[in-house]
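Position chain B against the provided structure of chain A, taking the given hints into account.
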Amino acid sequence: GAVVSQHPSRVICKSGTSVKIECRSLDFQATTMFWYRQFPKKSLMLMATSNEGSKATYEQGVEKDKFLINHASLTLSTLTVTSAHPEDSSFYICSAAGTRIGYNEQFFGPGTRLTVL
Amino acid sequence: DAKTTQPTSMDCAEGRAANLPCNHSTISGNEYVYWYRQIHSQGPQYIIHGLKNNETNEMASLIITEDRKSSTLILPHATLRDTAVYYCIVRERNNNFNKFYFGSGTKLNVKP
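Line by line, the protein sequences give chains A and B. So the first sequence is numbered by my numbering: it starts at 1403 and just counts up by one. So the second sequence is numbered by my numbering: it starts at 4 and just counts up by one.
Chain B extracted, bound-state conformation:
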């Protein structure tokens, strides 16, 4: 089962920063936080992941609280093409591989 909770939807003005929160209060010490997004009728796209330090790449920044119970994905300058459903996922460990259980995600609407 998914171990994350996210707001159902958020709006953001084009050109502004989009801050998407995620709660994962039951995360274990060796579990990573991953963020993916899904544009309508496509497969999910990897954005970023982290363990406990803040991370930044060409797409976004990931801020993880010190207690690791929540995180925020930041899109610094949102564009219309960033409109998508954003999923925060805690990667669970098992004997075979690290499965992803998707929660309901946040629908980000970027508006002109």
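Isolated chain A (complex conformation):
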């Protein structure tokens, strides 16, 4: 399968600061990337969909000014958590999608653990 990386894998920050998380597709071009968040012992919740070169589409209830998404190239998307607060502490996972053999798959990154103090 295709490889998706995330950086950093773990980050601790102070309340009020902004944190940027990178998602890269290493061996394929990702026309679309997705961002999820996951609370402990809960399922993944889709936050937003980003297409290369265009604005992200956010799911209902997700603050677009809080979670800034940039998808500047076919291999890189970034999620910036602005003015982070303790309630933003979560596991953030990205996925990248590309087309092969006539169907679409999503390949997931390893996740980023954000802790806001």
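Check each hint, because a few of them may be wrong.
Once the Cα atoms are required to be at most 27 Å apart in a straight line, the calculated DSS-like pairs of lysine-lysine come out as [as the list claims (entries may be wrong)]: (1) 110/B <-> 72/B; (2) 1443/A <-> 55/B; (3) 110/B <-> 1468/A; (4) 6/B <-> 1444/A; (5) 1468/A <-> 102/B.
If you want the footprint, here are the derived chain A segments under chain B, 3+ residues with CB under 8 Å [said to hold, decoys possible]: (6) 1447 to 1458; (7) 1507 to 1518.
Each pair of labels, with its calculated beta carbon distance range [stated by the list, open to error]: (8) 1472/A <-> 44/B: 24 to 34 Å; (9) 1456/A <-> 77/B: 17 to 27 Å; (10) 1463/A <-> 20/B: 18 to 28 Å; (11) 18/B <-> 1442/A: 41 to 51 Å; (12) 80/B <-> 1487/A: 44 to 54 Å.
Rather than coming from a laboratory, the hints here were simulated on the basis of the structure. All values reported here derive from a predicted model rather than from experimental measurement. Each residue gets a CB set at the ideal place from its N, CA and C atoms; glycine is no exception.
This is chain B only, laid out in the frame that chain A set:
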């Protein structure tokens, strides 16, 4: 929203087959069923997907009922490393791309 329901947890003995059910009674004719699994604190891993025919790969088999309202993921010889949360997902279509909405999944506990 997720269109699937799965049991919260299941146990399986090591070396035996693990059969994980999923209900997706409102699935549309052009929607696929995907299965992913998530080992603790990692990103989900793709297992298999299908439309209406049964599918098999090196990891698992997927059995989809004729009416497509339910499916079963089969791990033929479960190992301890198969302990994970297994998600059954119906891929929804939209204008941008095919989003995945995860349900609560099934925690599979493989026991020695």
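We went through each hint and held it up to the structure:
Between residue 110/B and residue 72/B the alpha-carbon distance is near 21 Å, which keeps this suggested pair within the 27 Å criterion. Distance hint between residue 1443/A and residue 55/B is unfulfilled; the C-alpha atoms sit about 31 Å from each other, more than 27 Å. Distance check on the hinted pair: residue 110/B and residue 1468/A sit about 32 Å apart at the alpha-carbon level, beyond 27 Å; violated. Restraint check for residue 6/B and residue 1444/A: the C-alpha separation of about 17 Å stays at or below 27 Å, so the hint holds.
A hinted pair counts as satisfied when its Cα atoms are at most 27 Å apart, and residue 1468/A with residue 102/B qualifies at roughly 21 Å. Only residues whose beta carbon comes within less than 8 Å of a beta carbon in chain B count, and the region 1447 to 1458 of chain A has 4; three or more means the coverage holds. Requiring three or more residues with a Cβ within less than 8 Å of a Cβ of chain B, the coverage given for the region 1507 to 1518 of chain A holds, as 8 such residues are present. As the Cβ distance of residue 1472/A to residue 44/B is approximately 26 Å, the hint placing it in 24 to 34 Å holds.
In this structure, residue 1456/A and residue 77/B break the distance hint of 17 to 27 Å, their C-beta atoms being roughly 40 Å apart. For residue 1463/A paired with residue 20/B, a C-beta distance near 40 Å fails the hint of 18 to 28 Å. Look at residue 18/B against residue 1442/A: about 31 Å separates their beta carbons, and that is not inside 41 to 51 Å. Between residue 80/B and residue 1487/A the C-beta distance comes to about 46 Å, which sits within the given range of 44 to 54 Å.
Violation of the numbered hints given earlier is confined to hints 2, 3, 9, 10, 11; the remaining hints are satisfied by the structure.
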